[in-house]
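Peer 1: When the letters of the sequence shown are read in order and numbered with the working numbering, they come out as residues -5 to 254.
Be aware that one or more of the hints could be misleading.
Label-pair restraints from in silico Cβ distances [to be verified]: (1) ALA46 - PRO119: 21 to 31 Å; (2) GLY148 - GLU195: 21 to 31 Å; (3) ALA113 - PRO223: 32 to 42 Å.
Hints were generated in silico from the structure; no laboratory data involved.
Glycine residues also receive a C-beta, built at the ideal position from the N, C-alpha and C atoms.
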Amino acid sequence: MTAAGDPRPRCPPDCVVPAAGGGVAGGGVGDSVHLVVVSDAHLLGPEDPEQAALCAFLDGLRCDRLVLLGDMLHAGWTWGGPHPDHHPFFSALERTCARGVAVCWVPGNHDFGVQVPPAVQAAGPHVVDCDGRRLLLAHGDEPDRSVGYRALRGVLRSRAFSGLVRGLGPDRGMALLRRIAGPRHPPEAAPPRALVTAQREWAARQLRDPGLDGVIMGHSHVLGEVALPGGTLWHTGAWLGLRSWLEVIDGQVRLHGAGG
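Given these sequences and hints, build the entire structure.
Peer 2: Structure (structure tokens):
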């Protein structure tokens, strides 16, 4: 169970949750931070403290590669450029790229309609080689095979819906997207156990590949790591509420969750 005052979702007993801890990724003296992963920020706009905190995090980030593992925006689309509410976040991304960090955005189920800036790479689920480890990164909604979710996903990613949102323009289009997205997931809520189970089963199938060492995914907002046959599954938690992230330092995968 979640301890009093701890906003992290309850995790199954065999899911190891990291101790809370703040700070910007970067490791200690002599450490080599090759990869940082952040997911599920669900940013709303300039009045959202999560957005301001994430922009500050990005401005202090020191690493070779940053992967945004989906749902960075609670509702996201592109009308000739980012929605004005998200300009500070996209400006922070551009500054991160300008410092030489390779940034990759894996779209989630809330921000799949975003056209990423030219300096940012757009990618689906993919494998990265990091200090001798081969890690599969995916947003985490891939295992969700529920009929309702797959049907809604098909409608929202259709050409007709895209045309509707673009035709409405930034203001009315964003209002529609936010209405569909609904309220943000409260960080103290229990994780959807059916989804967590499906994610583990999906990860276990991927780890049958002897060339893989681990799977990293978000979407469930669960924070922790699970040992599976063939490798490890790391749940990235969520920037929303948890201020969590994952980093690979000298070949070691570390999870951080600052909470609050």
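Peer 1: Confirm or reject each hint.
Peer 2: Against the structure, the hints come out as follows:
1. Range check, ALA46 to PRO119: Cβ separation about 30 Å, and the 21 to 31 Å hint holds.
2. For GLY148 and GLU195, the hinted distance range of 21 to 31 Å is satisfied, since their beta carbons lie about 22 Å from each other.
3. Between ALA113 and PRO223 the C-beta distance comes to about 39 Å, which sits within the given range of 32 to 42 Å.
Checked against the numbered hints given earlier, the structure satisfies every one of them.
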